[in-house]
Amino acid sequence: ETGVTQSPTHLIKTRGQQVTLRCSSQSGHNTVSWYQQALGQGPQFIFQYYREEENGRGNFPPRFSGLQFPNYSSELNVNALELDDSALYLCASSLRGAPGNTIYFGEGSWLTVV
Amino acid sequence: GIQVEQSPPDLILQEGANSTLRCNFSDSVNNLQWFHQNPWGQLINLFYIPSGTKQNGRLSATTVATERYSLLYISSSQTTDSGVYFCALISNFGNEKLTFGTGTRLTIIP
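Each protein sequence line maps, in turn, to chains A and B.
For the first sequence, my numbering assigns the number 142 to the initial residue and increments by one for each residue that follows.
For the second sequence, my numbering assigns the number 2 to the initial residue and increments by one for each residue that follows.
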């Protein structure tokens with residue numbers, strides 16, 4: 142139990158549709174990061190939010206966007222879904238500046254694009 | 002960006018055996034963690050270990066930052082240890098993102 146919750150756990154979308162994934166960070170954590178994990182690979186960094194501002198982005202197109210809310214929860218939005226977007230999407234929370242800054246992950250959202 | 006390599010890619014062991022997983026990295030780091038990913042996709046923190054040695058039950062880890070590698074030791078393996086093990090790092094010279102290695106898939110046979 143990491144205290145990081147994600148929803149939905151599984152979903153199926155059609156190519157071209159839009160999807161919103163949600164994440165509640167661990168209590169007291171102010172930083173949320175999103176990762177995409179394709180089958181058989183390690184997670185890849187999408188972007189990070191700190192105090193409601195985007196703070197770093199990986200090599201993902203603009204149709205991947207996000208939000209962080211005042212309670213530090215976050216959303217990941219993906220527009221114009223493509224088949225290659227099928228993956229496990231992981232949310233991670235942390236407390237920036239804390240000594241021994243351990244990063245905790247949620248259970249993920251499995252997205253299938255057909 | 003920082004490069005992270007893990008070895009071996011796959012490991013199959015009998016229950017009760019010991020194993021050593023290795024993580025090599027190309028840059029100075031200020032955050033290194035080992036994770037176990039279970040079959041359902043959950044990433045479980047095992048160790049936060051940018052340097053030094055830590056132990057937790059049957060698991061221990063050592064990071065030699067000056068030589069840019071980390072080792073994860075699993076002793077007396079159990080079937081529940083099966084899964085994929087990742088090391089992940091935050092470089093001293095990048096933004097605060099975790100860069101994951103390619104993982105080691107461990108299968109423990111009863």
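Don't take each hint at face value.
[Stated by the list, open to error] Dumping the calculated SDA-like pairs for lysine to any residue here, alpha-carbon to alpha-carbon at most 25 Å:
#1 B:K55 / B:Y70
#2 B:K55 / A:L236
#3 B:K55 / B:P9
#4 B:K55 / A:G144
[Said to hold, decoys possible] What the simulated footprint calls covered on chain B by chain A, stretch by stretch (three residues with Cβ under 8 Å from a Cβ of chain A suffice, anywhere in the stretch; the number is not a length):
#5 38-44
#6 97-107
Keep in mind that the hints were calculated from the coordinates and are not lab data.
No residue lacks a Cβ here, since even glycine has one placed at the ideal position from N, Cα and C.
Here is what the structure says about each hint:
Proposed proximity of B:K55 and B:Y70 is supported: the alpha carbons are some 15 Å apart, at most 25 Å. Taking the CA atoms of B:K55 and A:L236, the gap is near 22 Å; set against the 25 Å cutoff, the hint holds. Taken as a hint, the B:K55 and B:P9 pair is honoured in the structure, with Cα atoms around 21 Å apart against an allowance of 25 Å. The straight-line distance between the Cα atoms of B:K55 and A:G144 is roughly 23 Å, inside the 25 Å bound, and the hint therefore holds.
Using a Cβ-Cβ cut-off of 8 Å, 4 residues of the stretch 38-44 of chain B lie near chain A, which meets the minimum of three, so the contact claim holds. For the stretch 97-107 of chain B, the proposed coverage by chain A is satisfied: 8 residues have a C-beta within less than 8 Å of a C-beta in that chain, meeting the threshold of three.
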